[in-house]
Every structure is written in structure tokens, then in C-alpha cells.
Amino acid sequence: MSTHHISLTVNGAIREADVEPRLLLVHLLRDVFGLTGTHIGCDTSNCGACTVHVGGVSAKSCTMLAVQADGLDVRTIEGMADGAALHPLQQAFWDQHGLQCGFCTPGMIMQAAWVLAKDPDPSEAAIREGISGNLCRCTGYVNIVKAIQQAAAEIRAAAETQTGAAVAAAG
Amino acid sequence: MIPAAFDYVRPADLGEALRILKDREGEAKVLSGGFSLIPLLKLRLAQPALLVDLRDVGGLDEIGRIDGEVHIGGRVTHRRILEDEGLAAILPIMRDTAAGIGDPQIRNWGTIGGSCAHADPAADWPAVLQALGASFVLRSADGERVVPARGFFVDTFTTGIEPAEVLTEVRIPVPGPRSGGAYQKLERRAGDFSTVGAAVQLRLGDDRRIAAIGIGLTAVGDAPFAATHAEDAIRGAQPDDTMFREAAAAAARQSRPTDDSHGPADYKRAMVAEMTLRALRIARDRAGAA
Amino acid sequence: MTTTYEAQAPTTTPEVGGMGHARKRVEDARFIRGAGHYIDDINLPGQLWLDIVRSPYAHARIKGIDDSEAMKVPGVAAVITGKALETYGLHWMPTIAGDNQMVLPTDTVMFQSQEVAAVIATSRYAAADGVAAVMVDYEPLPVVVDPYKAMDASAPVLRPDRGEGKQNNHIWHWESGDRSATDAALAASKTRVKEHLYIPRIHVASIETCGCVADWDAVNGHLTLHMTSQAPHAIRTVLAIVAAGAGLPIPEHKIRVITHDIGGGFGGKVPVYPGYVLAVAASFLTGKPVKWIEDRAENLQADSFARDYHIDAEMGVSAEGRITALKVKTLADHGAFDSQAAPSKFPAGLFNVITGSYDFASAHVEVDGVYTNKPPGGVAYRCSFRVTEAVHAIERLVDIAANEIGMDPAEFRMRNFIRADQFPYRSPTGWEYDSGDYHAALRKAMDLIGYDDLRREQAEKRARGELMGIGIASFTEIVGAGPSHDFDIIGLKMNDGAELRVHPTGKALLRIGSQTQGQGHETTYAQIVAEELGIPASDVKVEYGDTDTAPYGLGTYGSRSTPVSGAATAIASRKVRDKARKLAAHLLEAAEDDLEWTNGKFSVKGSPDRSKTIGEIAFAAYTNYPAGMEMGLEAVDYYDPPNFTYPFGSYICVVDIDKGTGQVKIRRFVAVDDCGNIINPMIVEGQIHGGLTMGLAPALYEEISYDENGNNLAGTFMDYLLPTAMETPAWETGKTITPSPHHPLGAKGVGESATVGAPPAIANAVVDALWHLGVRHIDIPITPQKVWRLLHERGIA
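Chains as they are written, first to last, in this note's numbering: chain A, 6 to 176; chain B, 99 to 388; chain C, -4 to 792.
Any given hint could be a false lead.
[Unchecked claim] Covered by chain C, according to a simulated footprint, are these stretches of chain B (three or more residues, beta-carbon under 8 Å):
1. 99 to 111
2. 147 to 160
3. 178 to 188
4. 288 to 298
[Unchecked claim] The calculated lysine-lysine pairs, modelled on DSS-like cross-linking and capped at a C-alpha distance of 30 Å, are:
5. C:K536 - C:K189
6. C:K577 - C:K600
7. C:K502 - C:K654
8. C:K488 - C:K536
9. C:K660 - A:K151
10. C:K58 - C:K161
11. C:K456 - A:K151
12. C:K456 - C:K654
13. C:K144 - C:K19
14. C:K67 - B:K127
15. C:K144 - C:K439
16. C:K340 - C:K161
17. C:K502 - C:K536
18. A:K151 - C:K439
19. C:K596 - A:K151
20. C:K536 - C:K577
21. C:K502 - A:K123
22. C:K189 - C:K600
Derived by calculation from the structure, the hints in this document are not laboratory data. Ideal Cβ positions, reconstructed from N, Cα and C, are used throughout, including at glycine.
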């Protein structure tokens, strides 16, 4: 079976590999690129533990082929922190005890990031709907919702500060 | 959880895709969003020799309005349909439906064309598009044909599509004035396939009677179908609850549900009536408000 | 945004972070970055992959296994069958319950998805291809799925291997209590309520499945087994015994089991699954590391289940509305092998705690275990050794009894609760409940939810034909297995060890025998040391999971960590403190008796400025200690709990029912829990939220059922429905705090309480909504179709 050469951007860096067409994107990330933060929890696309961003849109990487991501931009949990500075979602999950075993957490954070990118001020119902494709067995979701609310507030405040600074600079 | 091996090609345009499908007819499967096909590959329930990925094929992901019809490209995702304000304004049933397909990640990638070509007996679009009197554009290397959605869904996972064809577009008549539609999906849990799905699109005449009616059902037959007996029961009638209950009962009688993990057949049959009734009421209210 | 948590008032500062502080979790630093070490993250050089061929039939003879096509698949190195294992005597292995279980069959498969052959390959994908290419010729045999039919004399004997005198499917009979006194008390009761309850089979389905990497080092004759195990030491000992039985040169001191991070356990990662044994055997045979990671379908269809209890229960009630007696007879469906991880003398676990939170004199409980053509198991779903089954039955019966005699279910409970002044309370089945205040917990729950207003609202809605229900569950849990006089698992006593070592610069290392799977032990155990010694929790490193270094423990399940391992940590800390006193006396040139301890330092009574901090004492332990004293500052304790601990709570659930569809919507759920003194209230609340959700799941959504051919009808996440954030209510929680009198910290376990209390609260709410229509009982899961059918039969839907 012939392999395909693919080249994609992962967390801002170009990565290349020669892969079988059937290689799942999640296996490319975990087994070929060694990015084991993205997890596999099921085989029927239900649990969401494998959620990453492809082209800025959240995707279940267990239900995509590596070849489908050729030339695209992929972001995983390993790309969320800015060096030592945690992403507001990572900090918020920590502050609000939004994780216990940690296995669903990377997928949950990636999905939450996409939810907030679409809707910076979501209601609780919108948050719950936004993560309805991510299963958690440990937390009962209450603290995950609180974490996403905390991160949303922080991201909005940072945006306002930037806007305010920009206005002040312009004025 | 690991697919069997297959070859893969990603054509640059539709012409190339259609040529490949013709050359490899019977061995190739079209890959659109992948959220119907790839799960099958992982379970090894499908083992095509070749996947033809439409990712780079342009012209299949537009939503537009031409000559009294809404045109939706086959590669338009459920997400885009959900978010399209123009579409929601004239066909709120489309937003109803898109909002309930799978989960948020699946909605980001699954496409309307892929879903219809795959034809899961519990899929939502096939029921809705039959209620809307929609049609599909099917293109092959040998040409193009336009077929009505009614009659396209022949059997479980079986449509009128030929192996070398691609479903490039969905065409929906723009509803007239005093139209309303709704989709009511009964599911066991968020993200589930329908236990029962009932789609209604209706238009009230000047006399406020039902001038046009389309009712589609899913998950209660070998394939999603148009509930023609229910339609006949209320076409031309007053849109009141008494008539709606008659239509709902007719829809239930026309259904052929089976016992499965979603529930027993008698429950599903009763739910056809319940969901059809709810969809009729909402459609009427939307038509009245329109 | 800050959340305020309820706990007893801390006696240490937040900087020290002892008990009662909502200390942020240490382990999160890696998890939020995706830097955890779960089993599938472990990859060793030269590693091979193992994948498993599984039976599509529930009961069949294997006529032949053809691996010729599989061996042609590129990358496939070997195919192992039962016959191959038989040459090493490894085709069967002992179970924790004293039965035997097939590793691979030599002639008959016993349940759908049972392991039939193992494929070893150089990659994950090649192993899967190999599995697809193995051809097995089966001859289907009659299938036994109904446990009552399995008990018939005429049923096919599923386990002829059990030998003469055991040619039937009956595994064991167990009973507790006083049969004749109970029969007499029932006969004398004014009211008798009887009910049959079926608590279906469910599957724990933690988001991470099971797996291992077995690494046999042929040069040094050493096995390292990286594994998802909630009880690594027990695994090591069992492996050593199995290897010895098979004549393999793998003695216990040359086995190292390492559990890294686990993505949820809940009991599902306690048993020894054939996959682990196969990986070890494959590594031994090939001399290379072998990885086995099961996929979700395998996990759901073959791994240890929970529940599957068919219960007949009867309660007597006096004219004054007092419970007089409880009689329970249960048939326990154990699948094809008895591999349940319950203490050895308790084949029905702690089921006889079924007398619950109520004060009455007579009870009799009997349980019979039976084989069927289903996967083995029994207690893997956060169930506290069958306490979920017990509490569901008593709480349902209490509601039925209350309604039968026309008394409000809250009032009935208040009238029958064991009173606070009756503790320690000896139950009719012989348990000594350590402490409790059931009236206070229920009162608090009723206040939080506004019980009286809800009853008024219900009456109004009922008059309009709307269906609204209020359900209560007041449970008593029993956790912390267990005292050595009666409790062991395959003979190993359930006393866990803790080893604490304080370094010269005053920092500490704690090693424990328990095994976290998300409970936050790295954070909370440090808080115990902080509480006892005043060393800041952030200065205490907590280690576990490596059998080479961690002291022996029976692991984490059954909410036993705080009661046993936590207690060992406290006692070890006190032993350290005892030595610290001697060192302080030496440093201060005072008599030991003249010293007093206030958190973190010893000072001379009456001269508080003459003191030594624990940090100074630690340094002295290595630099300036009295003649005759050993250097160092450390201690080990293996804790033998004198009793279980008995957390408890009262939960109240409000539901609204959609008459058209039968769907149940939970409007509100208040959970008041009491787990004694709280180490970390943030973590306790997280455990409650998670437990409530694992109670909601079986109440409304989850069931593993089989058709008459033994086909699993919920073998993937498409049909086995875990609740998402949309089904899960915004849980409301409250606490009461009634310390345990015997636990060193006054603490009790808590991990499973909510899973125990939630299902009956929900079930009671639904039945409450329908009682006026003549509905008395509905078995969980309460699906919309069950509710619809009840309404339809009554002409309402």
C-alpha cells in the first residue's frame, strides 16, 4: 500500500510525514508526531476526547484521516499555552477544579476554545450545548461550565483592555 | 477501530473527481465531511479500494438563491446551514434540523450532500428535504440529472445515486407567503440519531386553509419517507388541532418502525403521531406569523 | 470567580494547607497541558502491539482456528491461541473471587466478545489487520442469558470445569441476618409491602479504556508491567502466583507493576483481564515489550460490568408507621466466570447494609450467584461493593411503604431514621455504623430545595393533570474495606501502608499504597501530612503506583482511600511527630512531657518562645540527634481500620414529565452529603458532582442488555448512552459534618456516595409523579418508553 507525503502546520510548526491513507489524524498526532495530549476514548465518534482544531474549527481527530489535514493548520492542547503562560481556559480549568482524571480535558479545552471563539459571552445553556459532544465521567460538568465561564470573562476583559488601549492610543 | 487499507486521491476539481469515479466505478467512495463514511471504515463495515476526497473541489459549498429555488452545495456543512441567517429567515426548518444533527464537532464537518448520499435510515436531512419537495443535482462524467428527493431514498443506505455520481447540489423551492415549517426530532440523548424525526412544511392559502403540505419522517421505515397519507388527510383543510391529529394518526399508520435500542415499535409509532403533531403546530404558527 | 466550599473550620493556615482547605490540585499542572502519562502514551523501544480476536457468539464450540491468512499480513509476528497457552498452563487463571477464568479458550467460548486468540504485530494497524484475518470456525451452542432459567436443573451446564458435585450454574449461596425472627416480624406487621426490583447490568466506561505495556527483560529475568490498575500491588502478587503455577521464572521480587496516570477507574480497572496476561505472555515469548490497548467496543463488551441484581424485597410496617422488618432474596447474575472484586468472605459484597438508615430489629438477606453466557464482573461502577443495589432497594421500598400507608415520604423517613444519639448503631445484619445525624441531613436538603413549597406546587399541577414528582433518597454508605478480622481479597488483608520521610531541609516524601484515578491524592494526602506535622502541603511530594517503591496496599476502589490509606498517612505522620518530640526535647534540653505541639512546632509549656519548628527538627534529625537515636525522620504505618466508615446523605430530586413523549426532565437536584471531616472541600464537591452524574446515568440512560442469543445490545457509545452536559443538571450540594469517631482524622470516604444515592432519588421522583395514577415501581433505567407505556395503559398518552 503506497504512502502519501503530507505536510501540515501543527501548533505553528511545519510537520511532515509519509503516511498510509487510512492513518487516522489522531494517530498521526499521537504516534507519529508524539503529541500524546490528544486522547482516544471511543471508536464511534461520540466521546470527543480526540478534539483538536483543524483550520480553526474544532474536529474529532479520530474521525479524520491524516491525509485530509494535508496543507491545513492543526492545533492541539500542546499548542494552547504560550510558553509558560497558560491559556485562560487552562488556567480556569485549574482554578475551578474542572478536571479530575484529566483524560477528557484536552479535548474539552479545545472544544471550549472553539465555542468561545464563536461566542465570547455564552449563556450556561450555550456552553452546555457547545460541549455536548465531549463526554466526561468524573466531573459531572458543573465545574467545567464554571471554568469556561471564567475563561470567557477573562478573554473578554483582555479584549476590552486591548480595545481600550487602542482607543486611547488612537485618541 | 482501525480501517482496512485503501487508496486515496484528492482531485483538484469536479471534472477530475468525476473522471476518477467513472474509471474506478464500484471500487471508489466519495469522501465529503467524512462523518458518515469514516465511522463505517473504522468498523470495517465498508472497505472501498479508493477514497475520492472532495476537499479541494470548488463550487460545491455555496448557499444561494436562483430562480425561486434555494441552492445548497453538497459540501455545505450542517454548521453553515445552522448559521445562515438568510436561510433561517425563509426556511426555519433548516436551522431546526441542522441544530440537532450529531454534536457540535460533527456539525462542523458533516455535509448535507454526504448525509443524503449515505442515507442512514435515521438521518434527518432526507426527511426534511422530502417535506420541502427538494431535488438533488447528480453529476457524473457523462452529464447531470436533477432528481426529486421523493423517490430518491429507496432503502436502507440505498439511494438512486449511481456509483460514479456525486451529489453536487440540493435545490429547495423558496416557500410562498404564509409558509411555515418545523422539524421535531425525538432523541434519547444529545447527539443521538433520531428515535423519530418529523418534518413539516406547509403554506396557508388566502382562505387560511392548508394550500400546500409536505410531511417527512425518519427512523420509522427502511428509509426516510414522505408521509403522503398524512399530507392527503389535511391538504385543503383548516389547520386546526382536530385535523392535525388526523394527519398525525395517518403518519403513524404509514410508518413501519421496528424494535431496536431506540425503543419498541409501538412507542415509536405513537411518537410519530406526537412529533408530527408538534411539528404541524409550530409550522402553522410560523406560517401565521409569516 | 471564587466558590465557597463547606467544610469544618481549618486549624492550619492556607499557606500550610491542612484539612479543610480548598487547595488547588497539584496534578492539574500536567493534565491541563496534555502532559499526563496515560498508558497509551507509554512507548518502549522495539515495542510490539497485541490485539485480540473475539467471539461473535455468546456460547460456542471452537472447531478450529486458522491463522494462515493472518500470518501473511505484513507486520504480524505471531498468533497465540488457547492451545498454545495450555502448554504453559496459562489458558486459565484464578480470579479474585476464588473462581477460575479462561485467558483463552481451548474449546468453548462463554460470552460474546470473549477473547479467542491474540495477534502480535509490529504496529497497531498491522495487529488490527491480523485480527481481521484470523478465521475461527464456531459451532454455536445453546445460550443461557436468563439467570432464573440458568438456575433450572435442566439448564445447560456452563462450567463443567468446576468438577463433580458442581454440575449446575449455581455459584454460591450467601445469607445474613435472622430468617425466623424476620418472618415472624413480617407476619405480625400491620402493613407489608413487597416489590421485585431489577437493577440492570451497566458498564463503568471511564473515558480511558484499559491497557498495558508488558516489558520482559530476558537478560535480567525481570518483568515491568505498565498498566491501568487501581491495585498494582495485588496485581503483582497475583501475577507471581500465576507465573509460579505455570512454572514460569517470574518471581514477585522480579515483577514491577507501574501505574502512571489513569483516565478514570471507578472499579473497571481492578480486575485482571485476559489482555494483560496475554501481553505478559507475549512479552515473555518474544523478549520484546508488548502493548495492549483495548478499544471502546472491547471495553464495553468484555470488561467487568456492574449490578445485574434481581431483588425480591419485602418490608413490614407497624400501625405507627415504623418499619418492623426487611426480607430480601436476590439472584446475582455473574456472567460466565465469577471474577467480582469483592472481599473473599463477602460474595455479595456489602449488600446486607440494605437495612439502610432506619432503626428496626429484624432483617434477613440472602443472595445466590449464578453463571450465564455474559461477561464476568459485578462491582465495577463506583458502586461500593453492591451498596448501590442495596440502597436502591431500601429507598424504593421506603417510598412504596410511605405511600401505601398514606404518609409523606420525608415524614416516614424522619420517623424511622436511626437517631443521632443511637450511634454507634448495630444494624440487624451486624454492621456497626460509626456516626451519623440523618435527621439533620434530610432537614437541610428539604430546606435547600423548599420541600413544602414543592409539595404545594405538585398538588396544584396534579389538579391540572401535569406530572411533577419529588423523590428522596436518604442513604447510608459503608466504605473503607476493611478490618483484617473479616476482610481480605484472595487472602490479602486490606490494610494499606503509608511511608513518610522528612528530608533535612524540612520537605517530605510520602509514598502510599492507594492509587488515584482522578481523586487528587497528590494534593489531598499532602494536606494530611500538613495537618499532622505543619509541613506545608506544597512541601510534600506524594508518590504511588510503582510497586518497587510504594508500600503495599490493596488499591483505590470502594471509597477506601481516605478511610484506610489516609488513616495510615495520619498515623505515620504521628509516628514522625513522636520522634520529632524526642528531637525537640533534645534540642530544647527539656523533658518530652514539658513540650506542647501547636501546628508546626514544639514549645516548652509556659515558655512559648522556647520552641523548635518541624523544619528545625528535621534538620536536626540528620545533624544533631541524641546518642542512641537513629538518624533520620521517617515512619511507616500499615493501617488496620477498626471498622468501616459510614458516610451518609439525603438527596432530593424534582422531575417534570412530558406526557406526550414520556421524557423525564430533572428540574432540580439537591444533594446533602456527610463524609465526616473533610480534607479538601473542593475535591469532595467534585467527587459528589461526578458521582451524581454516574447515578443519573443508570437512572435514566444506561443499560447493557442482551437478546436471547446473548448478543450485547449496547456495545458501543452509540447505544450505551453516557450523559452529556445537556442531560446533566446543575447539581446543588450541601454538607453536614459528623466526624467518624474511630478514624484518626474523623474523616470518611466519599467517592461513591453520590452514585449510591442518586438513582433512587431520581426513581422515587418519577414514581412520585405517577403514584396517583396507580404506578408503584419502575425499574431503572427509566426510559421515556417505559413512562409512556404506563401513561398509555392509563389512557393518558
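Results of checking the hints against the structure:
no.: 1; hint: 99 to 111; verdict: holds (count 4)
no.: 2; hint: 147 to 160; verdict: violated (count 0)
no.: 3; hint: 178 to 188; verdict: violated (count 0)
no.: 4; hint: 288 to 298; verdict: holds (count 4)
no.: 5; hint: C:K536 - C:K189; verdict: violated, 54 Å
no.: 6; hint: C:K577 - C:K600; verdict: holds, 15 Å
no.: 7; hint: C:K502 - C:K654; verdict: violated, 62 Å
no.: 8; hint: C:K488 - C:K536; verdict: holds, 27 Å
no.: 9; hint: C:K660 - A:K151; verdict: holds, 22 Å
no.: 10; hint: C:K58 - C:K161; verdict: holds, 26 Å
no.: 11; hint: C:K456 - A:K151; verdict: violated, 33 Å
no.: 12; hint: C:K456 - C:K654; verdict: holds, 13 Å
no.: 13; hint: C:K144 - C:K19; verdict: violated, 53 Å
no.: 14; hint: C:K67 - B:K127; verdict: holds, 27 Å
no.: 15; hint: C:K144 - C:K439; verdict: violated, 46 Å
no.: 16; hint: C:K340 - C:K161; verdict: holds, 20 Å
no.: 17; hint: C:K502 - C:K536; verdict: holds, 8 Å
no.: 18; hint: A:K151 - C:K439; verdict: holds, 25 Å
no.: 19; hint: C:K596 - A:K151; verdict: violated, 39 Å
no.: 20; hint: C:K536 - C:K577; verdict: holds, 25 Å
no.: 21; hint: C:K502 - A:K123; verdict: violated, 47 Å
no.: 22; hint: C:K189 - C:K600; verdict: violated, 65 Å
When the structure is compared with the earlier hints, violations turn up for hints 2, 3, 5, 7, 11, 13, 15, 19, 21 and 22 and for no others.
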